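Position in the sequence shown counted from 1, then plus 808, gives you my numbering.
Simulated from the structure, these hints should not be mistaken for lab results. Warning: the hint list may mix true and false statements.
Unchecked claim - Once the Cα atoms are required to be at most 25 Å apart in a straight line, the calculated SDA-like pairs of lysine to any residue come out as: (1) K923 - T973; (2) K1200 - H1239; (3) K1200 - Y1012; (4) K984 - E822; (5) K1111 - T1048; (6) K1066 - K1078; (7) K1188 - S1177; (8) K1200 - L1211; (9) K1130 - M1245; (10) K851 - V972; (11) K1130 - K1255; (12) K902 - D1104; (13) K1188 - L1170.
Here the structure is a predicted model, which is why all the values come from computation and not from measurement.
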Amino acid sequence: MEEGSSFQRREEVEIAIVGGGLGGLALALALQERGITAHLYEKHHDLRSDTATAIGIGANGVKSLNGIRSGLSKVMEDAGTYASCLKLTLVNKKGEVRYREQTFEQGEYVSIGWKQAQLVLASYINKDLIHCSHRLVRFESSEELEMARVACPAVAGVDAYFEVTDENTSSLEYIKVVRTKLLVGADGIWSVVRRTIVGDSPRYLHLVDWNAYVPNPGAKVFGGHGEHEIVLLFDEDGETRSWLVDAGKGFSLWILRKLDLSGDLAKTLKRSKGGLGIPGAKARALQQLDGLDGWDDIKAAIKATDETYIFERPIMDNLPIKRWSDSHRRVLLMGDAAHAQYVGPGQGARTAFEDAHQLSILLKEAFSSSEDNSIATAVKKFEELRIPRMIKMQEYAAESTALPALVPEWVSKLTMEEKQKRALECQQWVHSYPEKMLCDPDSTYWK
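Produce the complete structure using the sequences and hints provided.
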């Protein structure tokens, strides 16, 4: 595209956020609350892309949300519900079950539909700052920007190129070139921004999920969980796991997860990245439970769900990396783009909220500073604060897949009592956010 083409439109913004998921919206809101204008660019035609799932927001997520905007966790709870207990159920090969229960205080753990959480965050943001139908295709530092960087670092930045499409026909309307002081990639596990500055791809964790977020008022469509309950069912071999969750406002979430060591199960999926309402997804989910005793509740939930509600996907993560920014610290990754982790521990949304909280604090300092390199300095501080924590959490999450290749040898040699102590210490350290960000010096395993 030639410079000056009528097919191009240009604009300048202070901060450009790529991705209208939970992390991007949380950052836009956190910056707005601190008097900083950030524009958000989302490739879909609206913000209501459905993941057919819900999120659990534990102590670190609650504190992050309230740091982003006072009282935000209570708004999330009101839009979803609070969890009162987690019921862990082990099913042996004979179909016999053993129970263990963990209880929560009201407000300590929030369950809310992913889409509902997205809409809560978006409701507080100036609508003129959210740009849908904008797909990032590339970004660059032009010669002019390089010269500006040398002459005056304070005006250095990035040119980001977006394809803007018609929301009715999806046809390309024009290219928008956005010049920004900081480009934040909050564009998820399949991040275009990460692919450009890092060059890697997500890793398949040899697990396949089926999940649905469905109307289930009074648990009359299917049972298996009570009000404010989360029920986790798993087998002795780690091959099959399921969740039944009260997600609030008459909705339930169910998840079925199947181990796929050979990779053959993933090959049967119709879409490599997964999707909603894929033909045959319901039958494939039920097939995983054939011949298994003790799984009647999840079977009933799947049978009661219309296939159009079912999301089928391979479970992926991104490998930990030691830098989230480009060489000039003018392009930065956050959320799943930076540290997508195995979903088992449920920390994806929570750590994205942590990112948004911490980055907004540092950028407020940067925008209040007269130093030329204040934004780059803020990015560097953000990486120093967040990367060591997230590497620990990503590696621990990968361990919880129980895939032998992802469990360090020294961990595999721990006794069951030691493993339980390590798991409890991890939870305590993570929930201590933001006081013990990098480590827990008082712990045995998380110093």
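Hints the structure fails to honour: none
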